[in-house]
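Just so you know, the sequences run in chain order A and B. With the working numbering applied, the first sequence closes on residue 471, and no number is skipped along the way. With the working numbering applied, the second sequence closes on residue 471, and no number is skipped along the way.
If you are wondering where the hints come from, they were derived from the structure by calculation, not from laboratory data. Hints are not guaranteed to be accurate.
No copy is singled out in the list; a pair is fine if it fits within one copy or between any two copies.
[Said to hold, decoys possible] Derived DMTMM-like pairs (lysine to aspartate or glutamate); straight-line CA-CA distance at most 20 Å: (1) K164 - D319; (2) K277 - E328; (3) K366 - E416; (4) K367 - E416; (5) K366 - E413; (6) K309 - E371; (7) K208 - D300; (8) K189 - E458; (9) K398 - E416; (10) K331 - E402; (11) K351 - E212; (12) K164 - D318; (13) K351 - E416; (14) K164 - D340; (15) K282 - E260; (16) K442 - E343; (17) K398 - E463; (18) K134 - D340; (19) K208 - E363; (20) K442 - D336; (21) K370 - E212; (22) K309 - D290; (23) K420 - E402; (24) K431 - E263.
Protein chains: 2
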Amino acid sequence: MTNPTIKDIASICGVSVSTVSRAINDAEGISVSTRAKILATIEKIGFVPDTNARNLKINKNKTIAVLVKGITNPFFTPMIKVIEEEISKTEYSFVLTKVEEHSSELEVAKRATKILKPEGIIFLGGHFISDAEELEALDTPYSMTTIVNKDIINKNATCVGIDDFKESARMVDYLISLGHRKIAFIAARADDLSIGHLRMEGYKKALADHGIDFDENLVIYPPKGLNPYSLSHGYESAKKIVKEGLDCTAIFSISDFVAIGAIKAIHDMGKSVPEDYSVTGFDGLEINEFLLKPITTIAQPTVKIAYTSVRELFKIINKKDHEEVTSFDAELFVGETTANIRKV
Amino acid sequence: MTNPTIKDIASICGVSVSTVSRAINDAEGISVSTRAKILATIEKIGFVPDTNARNLKINKNKTIAVLVKGITNPFFTPMIKVIEEEISKTEYSFVLTKVEEHSSELEVAKRATKILKPEGIIFLGGHFISDAEELEALDTPYSMTTIVNKDIINKNATCVGIDDFKESARMVDYLISLGHRKIAFIAARADDLSIGHLRMEGYKKALADHGIDFDENLVIYPPKGLNPYSLSHGYESAKKIVKEGLDCTAIFSISDFVAIGAIKAIHDMGKSVPEDYSVTGFDGLEINEFLLKPITTIAQPTVKIAYTSVRELFKIINKKDHEEVTSFDAELFVGETTANIRKV
Numbered sequence: 128m129t130n131p132t133i134k135d136i137a138s139i140c141g142v143s144v145s146t147v148s149r150a151i152n153d154a155e156g157i158s159v160s161t162r163a164k165i166l167a168t169i170e171k172i173g174f175v176p177d178t179n180a181r182n183l184k185i186n187k188n189k190t191i192a193v194l195v196k197g198i199t200n201p202f203f204t205p206m207i208k209v210i211e212e213e214i215s216k217t218e219y220s221f222v223l224t225k226v227e228e229h230s231s232e233l234e235v236a237k238r239a240t241k242i243l244k245p246e247g248i249i250f251l252g253g254h255f256i257s258d259a260e261e262l263e264a265l266d267t268p269y270s271m272t273t274i275v276n277k278d279i280i281n282k283n284a285t286c287v288g289i290d291d292f293k294e295s296a297r298m299v300d301y302l303i304s305l306g307h308r309k310i311a312f313i314a315a316r317a318d319d320l321s322i323g324h325l326r327m328e329g330y331k332k333a334l335a336d337h338g339i340d341f342d343e344n345l346v347i348y349p350p351k352g353l354n355p356y357s358l359s360h361g362y363e364s365a366k367k368i369v370k371e372g373l374d375c376t377a378i379f380s381i382s383d384f385v386a387i388g389a390i391k392a393i394h395d396m397g398k399s400v401p402e403d404y405s406v407t408g409f410d411g412l413e414i415n416e417f418l419l420k421p422i423t424t425i426a427q428p429t430v431k432i433a434y435t436s437v438r439e440l441f442k443i444i445n446k447k448d449h450e451e452v453t454s455f456d457a458e459l460f461v462g463e464t465t466a467n468i469r470k471v
Numbered sequence: 128m129t130n131p132t133i134k135d136i137a138s139i140c141g142v143s144v145s146t147v148s149r150a151i152n153d154a155e156g157i158s159v160s161t162r163a164k165i166l167a168t169i170e171k172i173g174f175v176p177d178t179n180a181r182n183l184k185i186n187k188n189k190t191i192a193v194l195v196k197g198i199t200n201p202f203f204t205p206m207i208k209v210i211e212e213e214i215s216k217t218e219y220s221f222v223l224t225k226v227e228e229h230s231s232e233l234e235v236a237k238r239a240t241k242i243l244k245p246e247g248i249i250f251l252g253g254h255f256i257s258d259a260e261e262l263e264a265l266d267t268p269y270s271m272t273t274i275v276n277k278d279i280i281n282k283n284a285t286c287v288g289i290d291d292f293k294e295s296a297r298m299v300d301y302l303i304s305l306g307h308r309k310i311a312f313i314a315a316r317a318d319d320l321s322i323g324h325l326r327m328e329g330y331k332k333a334l335a336d337h338g339i340d341f342d343e344n345l346v347i348y349p350p351k352g353l354n355p356y357s358l359s360h361g362y363e364s365a366k367k368i369v370k371e372g373l374d375c376t377a378i379f380s381i382s383d384f385v386a387i388g389a390i391k392a393i394h395d396m397g398k399s400v401p402e403d404y405s406v407t408g409f410d411g412l413e414i415n416e417f418l419l420k421p422i423t424t425i426a427q428p429t430v431k432i433a434y435t436s437v438r439e440l441f442k443i444i445n446k447k448d449h450e451e452v453t454s455f456d457a458e459l460f461v462g463e464t465t466a467n468i469r470k471v
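Let the sequences and hints guide you as you build the complete structure.
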């Protein structure tokens, strides 16, 4: 058998394709003996249940290119997994491409298009300062995943994410509801024009809605060369806040990793969270619920976002009606890092 | 200019290649104005400082394939970064390929070899139950990174990592030095033949060295379908240990993520770490030092391992003498999750 498919394996073992899939993915709902039989058959006839290998072997010659900006960001991890699983259910293969922090994802996409000739592109993360015209010229259906921006969407495209502006305002509203009015913001770069910018605008809106003046001194940007979404940015920024005695009682962090770093620094400086400072994050990382002091954060529906991106992209590819914009609500998760302001 | 290289950019801007590299990587040691000039030039002439894009544009037609088993494992994140940086300094391009949990990395490598025709392969993570003959037949230089196994090394290969057997024994020795003799082990799969197996053997050796009988009841394996190195495996296993009142005072975890999950479960069950149970991890994740209660763990020298893998692989490619085996010492990091056994 030259090119055994998952159907061949199913047929040889006398089981359904989904049972083979379960065996391959080590999923529940399949007996130990059936699983052993299927895996033995796979080993015997040489079928390799890997997306890449499968691509090479089963003539999956249609490709979806997934361009990830920030492949080391744990926030994307569960999304990459879902996107790959969903694509692997189709006749398409999945190619993962890393976009460097300072590269233009559009340029990478243009070149990937020439070489891989993908039928669709999923942009996971990224800044997208590129304009709509250039994106349209790409002439390949695409999904912008985790960023909702109606301005850069054309008939060949879909975007799926949360409303970063609204959710950011909601997080800051929550801090204000606890009595905080002096709220520092550990921010992304000052020249950020994407998600970092939207979250900054949300922060400003919440302050304005409650008649609090925006104070540039309470915003901490990362120094050049430091990843704005990193543990270190949070640590160094909060250390500075405590050391310089910045006049604030709460700290809104641009991401959960930043919040984790900030909380550590506050404790290292001999202060406490939430007693001395309330600290919030943004994203809802898997690890958060396993921390001894889970962070109050905006939990993004990552699985829904990833799943919907793939679904809507395939609608475009298959010339079906699709949603141009899907904006999910996030969840305000109240952890153990926020408290009512102390009456002094 | 059809194929502008980093040298062209340097020449146009009248700076050195390393200055251009600094500008691209947003590194220190370069003035704001120089950086701005370089980035403006890059934008103008269309050079994209992305490894993938560069590959497509600057005729980097020699490829190193990096096969990662466990791309979502945070332990590999800093290594992927170093490997990519090191390769990007050469005339070679970097292609990242994900190997599924149940796939054979050797099969993936065979097929990747056919399609990509890489001059070298880096296996990052993986089980390697494949035998030496098959690896030799691959006929492409390779590095096995994070696993040291002399038996599967041939003249075309190098392996770089730590001695998992020795370091595992050292971790358990340390627990014994604190007075613990009833030490549970949250382990990898029972049929693991790779790193999980080596760490199990190290655990057994340390017990034997101190005249402690190995007790199968104190070993917790992951249920089918659960990633052995995951937070959930740690959480569920420790919950079981506390709930069933397993007779132990310390818990050795197969990874840091497993330890983080275990510690959370112990606290959720109303017990304390290290007062009721000492808990140790293995790996030395970046996040560990940012946890409020850092884990006592074996910290692997990930940067050295990644850097050495690339260096030794290129020695093979360039027909120079190379090290077949590089085994680094790890560091025993004493955190806040271990204590002397309580005298009852």
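Evaluation of the provided hints:
1. Proximity of K164 and D319 under a CA criterion of 20 Å is satisfied inter-copy only: 19 Å between copies versus 53 Å inside one chain copy.
2. Proximity of K277 and E328 under a CA criterion of 20 Å is satisfied intra-copy only: 17 Å inside one chain copy versus 57 Å between copies.
3. For the homomeric pair K366 and E416, the shortest alpha-carbon distance between copies (15 Å) is at most 20 Å, but the shortest distance inside one copy (24 Å) is not.
4. When the C-alpha separation of K367 and E416 is checked against a cutoff of 20 Å, the pair qualifies only between copies, where the shortest distance is 18 Å, while the shortest distance within a copy is 27 Å.
5. Taking the closest pair of Cα atoms, K366 and E413 come within 20 Å of each other only across two copies (18 Å); inside a single copy the shortest separation is 25 Å, beyond that limit.
6. Taking CA atoms no more than 20 Å apart as the test, K309 paired with E371 passes inside one copy only; the shortest distance there is 15 Å, against 48 Å between copies.
7. In this assembly of identical chains, K208 and D300 lie within 20 Å of each other by CA distance neither inside one copy nor across copies; the values are 33 Å within and 37 Å between.
8. For the identical chains of this complex, K189 and E458 are neighbours neither inside a copy (36 Å) nor across copies (47 Å), given an alpha-carbon limit of 20 Å.
9. When the C-alpha separation of K398 and E416 is checked against a cutoff of 20 Å, the pair qualifies only between copies, where the shortest distance is 17 Å, while the shortest distance within a copy is 23 Å.
10. Taking identical chains as interchangeable, the C-alpha atoms of K331 and E402 are never at most 20 Å apart, the minima being 25 Å within one chain and 45 Å between chains.
11. In the homo-oligomer, the alpha carbons of K351 and E212 lie at most 20 Å apart only across protomers (19 Å), although the nearest pairing inside one protomer, at 37 Å, exceeds that limit.
12. For the homomeric pair K164 and D318, the shortest alpha-carbon distance between copies (16 Å) is at most 20 Å, but the shortest distance inside one copy (57 Å) is not.
13. Within a single copy, K351 and E416 get their C-alpha atoms no closer than 31 Å, and across copies no closer than 23 Å, so neither meets the 20 Å cut-off.
14. With identical chains, the CA atoms of K164 and D340 are never at most 20 Å apart, being 68 Å at best within one copy and 36 Å at best between copies.
15. Proximity of K282 to E260 under the C-alpha cut-off of 20 Å is restricted to the intra-copy arrangement: shortest distance 12 Å within a copy versus 53 Å between copies.
16. In this assembly of identical chains, K442 and E343 lie within 20 Å of each other by CA distance neither inside one copy nor across copies; the values are 45 Å within and 53 Å between.
17. For a Cα distance limit of 20 Å, the shortest separation of K398 from E463 qualifies both inside one copy, at 15 Å, and across copies, at 19 Å.
18. For a Cα distance limit of 20 Å, the shortest separation of K134 from D340 qualifies neither inside one copy, at 64 Å, nor across copies, at 49 Å.
19. In this assembly of identical chains, the alpha carbons of K208 and E363 never lie at most 20 Å apart, being 32 Å within a copy and 22 Å across copies at closest.
20. Taking the closest pair of Cα atoms, K442 and D336 never come within 20 Å of each other, the shortest separation being 40 Å inside a single copy and 63 Å across copies.
21. Taking the shortest alpha-carbon separations for K370 and E212, neither the intra-copy value of 47 Å nor the inter-copy value of 35 Å comes in at or below 20 Å.
22. Neither within a single protomer nor between protomers do K309 and D290 lie at most 20 Å apart by alpha-carbon distance, with minima of 24 Å and 51 Å respectively.
23. Taking identical chains as interchangeable, the C-alpha atoms of K420 and E402 lie at most 20 Å apart whether they share a chain (13 Å) or sit on different chains (18 Å).
24. In this assembly of identical chains, K431 and E263 lie within 20 Å of each other by CA distance neither inside one copy nor across copies; the values are 26 Å within and 44 Å between.
In this structure, the earlier hints numbered 7, 8, 10, 13, 14, 16, 18, 19, 20, 21, 22, 24 are contradicted, and the remaining ones agree with it.
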